[in-house]
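Undergrad: The lines below spell out each chain.
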Amino acid sequence: GKQPSSTLGPINTGLAPDEVDIQKFAVLFPHQYDSFMKNAEMSTIGTKYGGNLEKDSHLEKYPYLKTLFAGYAFSLEYNEDRGHVYTMRDLATVKRVTSLPNGKKQVGSCMTCKSAEVPGMIQKMGLDYYSTPVEEHLKNMNHGMSCSNCHDPQTMKLRVVQPAFIDAMKRRGEDVTKATQQQLRTYVCAQCHVEYYFNPTRQGEVTFPWDKGFTPDQMEQYYNEVAATENKFPQDWKHPLSGAPMLKAQHPEFETYQGSIHQINGVSCADCHMPYEKEGNQKISSHQWTSPLKQMQQSCSVCHREDMDTLRNYVISKQDLTFEMLNKAGSANEVAAKSIEKAIQAGATDADLTEARKLHRSAQWHWDIVAAENSMGFHNTPLTMNTLSKAIDLANQATMAAAKAGKFNDIPAATSYSDYINERLSTKGWPKDKGVKMPASDMSWK
Amino acid sequence: GKQPSSTLGPINTGLAPDEVDIQKFAVLFPHQYDSFMKNAEMSTIGTKYGGNLEKDSHLEKYPYLKTLFAGYAFSLEYNEDRGHVYTMRDLATVKRVTSLPNGKKQVGSCMTCKSAEVPGMIQKMGLDYYSTPVEEHLKNMNHGMSCSNCHDPQTMKLRVVQPAFIDAMKRRGEDVTKATQQQLRTYVCAQCHVEYYFNPTRQGEVTFPWDKGFTPDQMEQYYNEVAATENKFPQDWKHPLSGAPMLKAQHPEFETYQGSIHQINGVSCADCHMPYEKEGNQKISSHQWTSPLKQMQQSCSVCHREDMDTLRNYVISKQDLTFEMLNKAGSANEVAAKSIEKAIQAGATDADLTEARKLHRSAQWHWDIVAAENSMGFHNTPLTMNTLSKAIDLANQATMAAAKAGKFNDIPAATSYSDYINERLSTKGWPKDKGVKMPASDMSWK
Amino acid sequence: MELSKKIKVGILSVVILLAAAGAATATMHAVTHESSFCASCHVMQNYMASWEHSSHREVAGCNDCHTDQRNYLAKTYSKATAGARHAFMNVIKPPEHLKMIESSKEVVQRNCLRCHDSLVEKTRLADQDAEADRKFCFDCHRSTPHGRERPTPP
Ligand SMILES: [Ca+2]
Ligand SMILES: [Ca+2]
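Protein chains in written order, with the numbering used here: chain A, 1 to 446; chain B, 1 to 446; chain C, 1 to 154.
Looking at chain A on its own, in the form it has when it is part of the complex (with noise of 0.2 Å):
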């Protein structure tokens, strides 16, 4: 049939098809800029686990982290993300980039999801871009996240552009170039909300791990039976207590939110993130990416009808057995480690201890999968919450692994961060009437 006359219908912006620069789409758009620039904003009012609050210190907060990410350089500094404005100028001042031991430089391959320069670049300098250090780059360029990420500057369709997304999709056989408009509201997302590694036999190409499928259990078959062997990629590092080779999880939204009940109603990522929220007499989609939790009445109350508060609690209450477990197996694996280490101590071999690291390797990425998730379960509770029964039993078993091949029984106690853990929880932003506001930050890299 023929479409009503009213809507947006088809652009033309008169935009170069490569135009990266915010400010020329912001004359266009003023509506969906103003609300792009709303992500300066911080709070954490109304939500427990997210919200967006500055350089908010995952160290600091989960004290188990120093053991489980010891020499490696997310023990260096790590934080809850933080509104998309902030990709560059986060990326740029991170100890993770500037304070790397022994002068070791950090690779370009983490920008790729920082900026809207990256596809260009990657189509100019090809697999150099991803070598190539990240304060290189940094010199060179100009713009952060832009509405080139997702839309086409010409026509202003969503699309993607980020080539490992586009590559995984591909090898999972699906050519995500043609996806539906409906598609495309999550796969945008998708670009960047996701797993990663960096393939040693490419330059440090950006992979997404997916071949196999994409619960916890089928990446970790892939890493162990594809990454390891095919991309001579073993581990993101080894760690120094248990000698294991570790592999580090990265925000997997997209993968965790795979089975969930609201995919399968066909729920999309902007659904919930960028409601339609009204501008004068129109509707225009929120560009202000946040917790939902924040802002329930546009994100979730047309298709719920309890009251919002209701939702809110049970949502936290969700979250909140999410969280116990979550601990449980941080200062399980933490038990692990030493256990490990002890045992080493105790004159095990490498022999000895290749159960004992195999079952530390599995258990610490099972609890990082979801440590590293941003919604603390909501967005696939069972699968989460199987996912961490399993970081416990692995940790526990490798422990017991290790005593055996220490041949001891005095097994290092748990210690139980809980107390402070919660304490801490409840002075930064929470319960939701102490919710902790902040002014905007300096967004700049230079």
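What the hints contain is simulated information worked out from the structure, not anything from laboratory work. Glycine residues also receive a C-beta, built at the ideal position from the N, C-alpha and C atoms. Careful, some of the hints might be misleading.
[What the hints assert, rightly or not] Some chain A residues flagged as far from chain B (calculated, every beta-carbon gap over 10 Å):
id, residue
1, Phe29
2, Arg96
3, Glu136
4, Asp152
5, Pro163
6, Gln182
7, Leu184
8, Gly204
9, Val226
10, His251
11, Thr310
12, Tyr314
13, Ser317
14, Gly406
15, Asn409
[Claimed, not checked] Label pairs and their in silico Cβ distance ranges:
id, chain 1, residue 1, chain 2, residue 2, range
16, A, Gln298, B, Lys66, 52 to 60 Å
17, A, Gln221, B, Pro200, 50 to 58 Å
18, A, Gln221, C, Ile101, 54 to 62 Å
19, A, Asp307, C, Phe88, 40 to 48 Å
20, C, His116, A, Asp307, 20 to 28 Å
21, A, Arg172, C, Glu52, 44 to 52 Å
22, C, Glu52, B, Asn140, 50 to 58 Å
23, C, Gln45, B, Ile45, 31 to 39 Å
24, B, Lys66, A, Lys95, 50 to 58 Å
[As the list claims (entries may be wrong)] Straight-line distance between alpha carbons at most 30 Å, and here's what the computed DSSO-like set of lysine-lysine pairs gives:
id, chain 1, residue 1, chain 2, residue 2
25, A, Lys338, B, Lys404
26, A, Lys407, A, Lys238
27, C, Lys99, A, Lys283
Position chains B and C with the ligands against the provided structure of chain A, taking the given hints into account.
TA: Positioned in the frame of chain A, the structure of chains B and C with the ligands alone reads:
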């Protein structure tokens, strides 16, 4: 407007206020009676973990139960539940009643949720009702479950009659004789589908452990702090391998349901388990209580718009994730029992084993509260999974404490029963196109 | 349903078909115009009841959403085919729970836009016409106008 003629106005049945004979009701309410009698039908078509199948043996399905329930009546015979018409037959024939060791007789308390005659008997006999053996009672009783368990025989209004339920709620400050219609649509079920114990200080009176709350942790706290001291109920039995004082959990449907997404939305047991259906030209509440997955058009599509096959597959995927954790927790508890046994053999004293036994009791409680619940996690998935993760962790901790007490480090290996269990599952009633349908079976108990 | 009503409906369905096919189209439209006509069927009463409590009661009747309003021909066709199908199904065996068929969804969606087009003109909500997984207005507005729960009619 005028009431549609089919709704029930005030009713006066002309029956005696203490009528229990179902045939007397049958004449007046033939549709509900016909529906009730369909409880004899047996099938698992459409459901993987529930349904209704004659004497489907838990002991056979979960081989680790033999260790977990060692020394206790539940290791004699323990089956999947079936329809309400079989309550008396199943009680009368189960080995937990017929074949207790050393000629011991099962107490009358067991009748409490099996027949409509019980409230009247308690009124007549007082606490002696509970201590009189089942086999005595069976001789004198002529009615199983009937309409009067839930309905006032004269007005047919819903009401509760179970003393244990009325008392337990009173101790929580709630007078359930004043409950609303909507509450009663859940409370009538909560008379029986709940965790219980027999209070030794009151001749084995059936008692519900809710004084501190409904969660597994709160009920455990009640058992440790109230039942064990005030009511001299330290345990259900002593585990013969570990020597720990154990608790048995039973069908905690009502407790598990508290705080779930459906419960906070005001959905009652009857909404799903007694959907409206058409009998001829009349709309009645189904009185065939069984798995709602067998009748999703009636039970779920009233509220859910998604395609029912999609919804069923989602529910089963959640149940699969629960099931995996359940079996892990079961097998971890087996290792715990064997490890404590091993420590005893290695010469550990009772004093050495205090910690390990405390952990074992708690671990198995957390496993059982889920194992004994009948929805394989559906009624409240987040709480169920959180509980199972505790069961796994506590069992592993028990094992480690045993290793320490027994000064050994070669911890017994865990058996993975998953292949066997999955294989058995897929031959009994699942997948749904293979679902088993059986003819109605004998309901008599004399 | 009582027998007398059954007969009424039976006759009605025949009338609808004949009227649409023949010369009495105008009469057919007049009869079927009011929302109360829809509610003359047993299975429609829930929808009537929920609509009566919705903010749309004063502004949009059943036909404003459920019949093709693009032109007289389309309207006649959609009323006649849907009307005849409903009447037919109603006599055979009315299902306990109704769900819109795909072609009805398209009709309703177009009608949402008919009234609310200016509100959504800055969005891409109407861009997904041909796509199999397209999102309809009522995928989000799940309670507009019928509420969420659809008990079977009494
Ligand atoms: Ca990674
Ligand atoms: Ca019990």
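Undergrad: Examine each Cβ of chain B, and state whether all of them lie more than 10 Å from the Cβ of A:Pro163.
TA: holds, 32 Å
Undergrad: State, for the Cβ atoms of C:Glu52 and B:Asn140, whether the hinted interval 50 to 58 Å holds or is violated.
TA: holds, 56 Å
Undergrad: Grab the minimum beta-carbon distance between A:Tyr314 and chain B and tell me whether it stays above 10 Å.
TA: violated, 6 Å
Undergrad: Minimum Cβ separation between A:Asp152 and chain B greater than 10 Å?
TA: holds, 32 Å
Undergrad: Please check whether the beta-carbon of A:Arg96 is more than 10 Å away from every beta-carbon in chain B.
TA: Correct as stated: the minimum Cβ-Cβ distance to chain B is 31 Å, above 10 Å.
Undergrad: Please confirm whether A:Asn409 is truly not at the interface, meaning its C-beta sits more than 10 Å away from all C-beta atoms of chain B.
TA: Since the minimum Cβ distance to chain B is about 5 Å, A:Asn409 lies within 10 Å and the statement is violated.
Undergrad: Regarding A:Asp307 and C:Phe88, is the given constraint of 40 to 48 Å on their beta-carbon distance met?
TA: Holds - the Cβ-Cβ distance for A:Asp307 and C:Phe88, about 42 Å, lies within 40 to 48 Å.
Undergrad: Holds or violated: are the alpha carbons of A:Lys407 and A:Lys238 at most 30 Å from each other?
TA: holds, 24 Å
Undergrad: Hinted pair, alpha-carbon criterion (30 Å max): C:Lys99, A:Lys283. Please report holds or violated.
TA: holds, 28 Å
Undergrad: Taking the beta carbons of A:Arg172 and C:Glu52, is their distance inside 44 to 52 Å?
TA: Holds - the Cβ-Cβ distance for A:Arg172 and C:Glu52, about 49 Å, lies within 44 to 52 Å.
Undergrad: Can we trust that A:Glu136 is non-interface, i.e. its beta-carbon lies farther than 10 Å from all of chain B?
TA: Its Cβ never comes within 10 Å of chain B, the nearest being 46 Å, so this holds.
Undergrad: Using the beta carbons of A:Gln298 and B:Lys66, state whether their distance is inside 52 to 60 Å or not.
TA: Holds, at about 55 Å.
In summary, the numbered hints that this structure violates are 11, 12, 13, 14, 15, 18.
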